[in-house]
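Once you've looked at the hints, dock chain B against the given chain A.
Here the protein sequences line up with chains A and B, keeping their order.
Under my numbering, the residues of the first sequence are numbered 715 to 1171, in order.
Under my numbering, the residues of the second sequence are numbered 220 to 555, in order.
There could be a bad hint or two in this list.
[Unchecked claim] Straight-line C-alpha distance at most 20 Å; calculated SDA-like pairs for lysine to any residue:
1. A/K1002 to B/D246
2. B/K525 to A/S1033
3. B/K542 to A/K1002
4. A/K1012 to B/N254
5. B/K544 to A/N1009
6. B/K440 to B/P399
[To be verified] Just a few of them, taken from the derived set where beta-carbon distance is under 8 Å, the chain A residues facing chain B:
7. K1012
8. V1016
9. I1022
10. I1023
11. S1025
12. L1038
13. I1041
14. Y1043
15. S1044
16. N1047
17. N1050
18. K1125
19. N1129
Don't read these hints as lab results, they were simulated from the structure.
Glycine included, every Cβ here is placed at the ideal spot set by N, Cα and C.
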Amino acid sequence: MTDNQFDHFFREKLKDHSAPVPDGLWDKIRAEKERKPMGFYLSKKTGKGLFVAAILAGASLVAYEMNQYNPQIKETTNNIHSNSSNQLSTLSDNTSTQKISTDKNNSVQQNTIYQIVYDSNSIQQLPLINTSTSQAFLKPSNIEYATESNPSLMNDENASLSNYTASNHGTGYPISISTNSSNQQLSMVNKQLAANAHVSKIKSIIICPTIRGKSSSFNSEWGLEVFASPDYAFKSVSPNTAPQQYIDKKDSSEQMQLGFSAGFRLVKPLNDHILLKTGFQYSQINEKFTYRNENEIKTTTVITLRTIIRSPGDTIQVSDTSVLQQIGYSVKNNQNHYRSIDIPLTVGYQFGNGDWNFAINGGVIFNIASWYQGEVLDSSYAPVSISKSNNSSYKTNIGMGLYSSISVMKKINENTHLFFEPYFRYNLQNVTTEQSPYHQRFHIGGLAIGLKFNLNR
Amino acid sequence: MNKIFIILSVSLLLLLGACTKEISNNDSFTVYTSNALNDTAWLKIIQINDPIFALADSIFKVDILKDSIDFEKDYTFSFGDSLEVEVKGNSLVTGTGLFLNGKAKIEIIRLQRKGDFIKVFRPNSSYGTLLETVGGFFIRISKNGTELFLAPGKTINIKYLDIEAPKPIMQAYYGYETTPLPLSILDTANNWIPNGDTNRLKPWSQTNGSIVKKGYILESKKLRFISAAYPLQNSKPTTNIYAILPPNFTNKNTLVFAVFENNRTVLNMPSDYTARSFKVDYIPIGSKIRLVSISKVGSDYYLGTKSVNGVGTSVNYSFTPQKKKLAQILEYLNSL
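Next comes chain A alone, as it looks inside the complex (with noise of 0.2 Å):
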């Protein structure tokens, strides 16, 4: 018999085999069910709801590193194996009824006690006492046994037919088999539970949430973000002491341009979607400022040929270097740097499928420090420098924002997630001081772009 033989015996037998299920398993997939739609939805009983997503993913997790093949997994497959092989090894020749007990979390066919009928040309096998509502039945055939798992099992293929009677096994149903084919039975039995074994290592094992898959109570792992975003700054100008006159003028001589932050942060899960941040951020607001200086002189030195006549007949080449004016306005262009170093504090829900996760964040920003450099317009509108050290109308420290985001993450690897993250911060307080004579906030919108470190693994 060729393992094809031997695999299309049990798949003929085995077709339309069911297991039962758990109690209450259709309960929580119906659950499950009216949940949708996914994401943002929450019913009136969310801490059931949750409670029950959490369970259903956390069995879907489970399924799936299931159908991953990974060293754990096959341990259990392999104890499982182990269990069926040592319920085998009670089958003796006088025992004609055998009642396939394995472990309740094993294996779907726990609870069946089959009927192995032998008689010279066909095997039956019989349902003496099914718990479950389904029933299986092998079908008669003729086939050859041939195993390598039990070559013992086929060297008594030539012996007598002689039909015992088994003690029971608590039913008190006779098993009847045929001496001269006892060993193809208990060959056959024996494949029978090897096949059930490997049938439950594919599908079919409910694997009870683990103290990971608990996860929905407290999640122990920490991440880093690493990331860096190109910012756009919205300034808001109002006087304050200052004419309206001025601040247009500001306004028109002022152009916001790309910044950029950069930082970490470091993520503590509490449970599957919601998310702690915090860490440290740079970012820096680039603005170009361009003064248009009126009736500005330019000197150019240049060099002229002339050719002059001394005299009639004398005429010598003269060459003369002098200084070309010209007036005309130049237009002059600075760079204006608004940097700060902040300290964000998130809060966010995520969700999604591990390959791809979605995530709303919501959180404050503490501002550790300020500090502007560039030049701005005097109440002359003549451009005066302002610097670090050179300032009195910007703080040096702009409090508290508002934080929030949208992120989307793809999973690169086990440990790592590139992530990208849309946001805008609100600021709450103006980066002018009261003595200044206008009023200036920025609100800035970025994308970050980053990597998602595990730090757990």
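Just chain B now, with coordinates in the frame of chain A:
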């Protein structure tokens, strides 16, 4: 995975774009196209609306002595103790030869120093011959706006004290005008024409106590521009000299004069379009002169000076005018 790398690359480019480079000192300069300072073009022919006409009018700041006379009486008018003008009765006629009755207005401009000849743009040359001028006058008599002239055979006597000791070789010159005052002060074709006789000016002196002041008696047969001068006699060879100014100063906005240090001679240096410079001929080699440029660029005035100790070793002189106030320029001219 390729999409991720593309997105990552684009994002990195955005981030690099955010690291904006310093653009300080990236100033751009744009020339005003209609500003006079940027007009460096020379003209072959000066037009009446070019800035030098306004410049000539601006520096035409002279004292005009005004009075009235009776047509039928002899009158002598004294202006201080240094000038007396005697007008004979019935010596004035209209342009058509008519004698008039009543009174007329007399206006006198006295040209005493070299700067005065610059201010009225009357350089001291006669048909290219250099003149040393010891005094000049502009006398205009009019009635009801109609300018009068001396009747044939009539004269007007001008007695004046000079700032220098009189020279017995002076004679009268009359001004030739193409654009007579007050039409325009800038008459580029002006000339000094000799009186036509060989009479020298008689000396005139005034005694005030022990102080004796001397001058000339200029008996003129014509009104308007009159001067006492004589041709500079020079046996030395002559040369042309050039004044070269920066490109901002063109023949549209600049007047250049050659002022002799040792003679009371001022020469105009007309523009040489080909050489983009200002040129004057027949300057005796070895002359000690001072080149003076006066420019009006836009509303700004410029004064340039260049002292030449001895013409001849070089004939082209470069100098750069400096921006001055008009009063400063006039003050300078008065000091010449």
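Here is what the structure says about each hint:
| no. | hint | verdict |
| --- | --- | --- |
| 1 | A/K1002 to B/D246 | holds, 13 Å |
| 2 | B/K525 to A/S1033 | holds, 18 Å |
| 3 | B/K542 to A/K1002 | violated, 36 Å |
| 4 | A/K1012 to B/N254 | holds, 13 Å |
| 5 | B/K544 to A/N1009 | holds, 18 Å |
| 6 | B/K440 to B/P399 | holds, 18 Å |
| 7 | K1012 | holds, 5 Å |
| 8 | V1016 | holds, 6 Å |
| 9 | I1022 | holds, 5 Å |
| 10 | I1023 | holds, 6 Å |
| 11 | S1025 | holds, 6 Å |
| 12 | L1038 | holds, 5 Å |
| 13 | I1041 | holds, 5 Å |
| 14 | Y1043 | holds, 6 Å |
| 15 | S1044 | holds, 5 Å |
| 16 | N1047 | holds, 5 Å |
| 17 | N1050 | violated, 10 Å |
| 18 | K1125 | violated, 11 Å |
| 19 | N1129 | violated, 16 Å |
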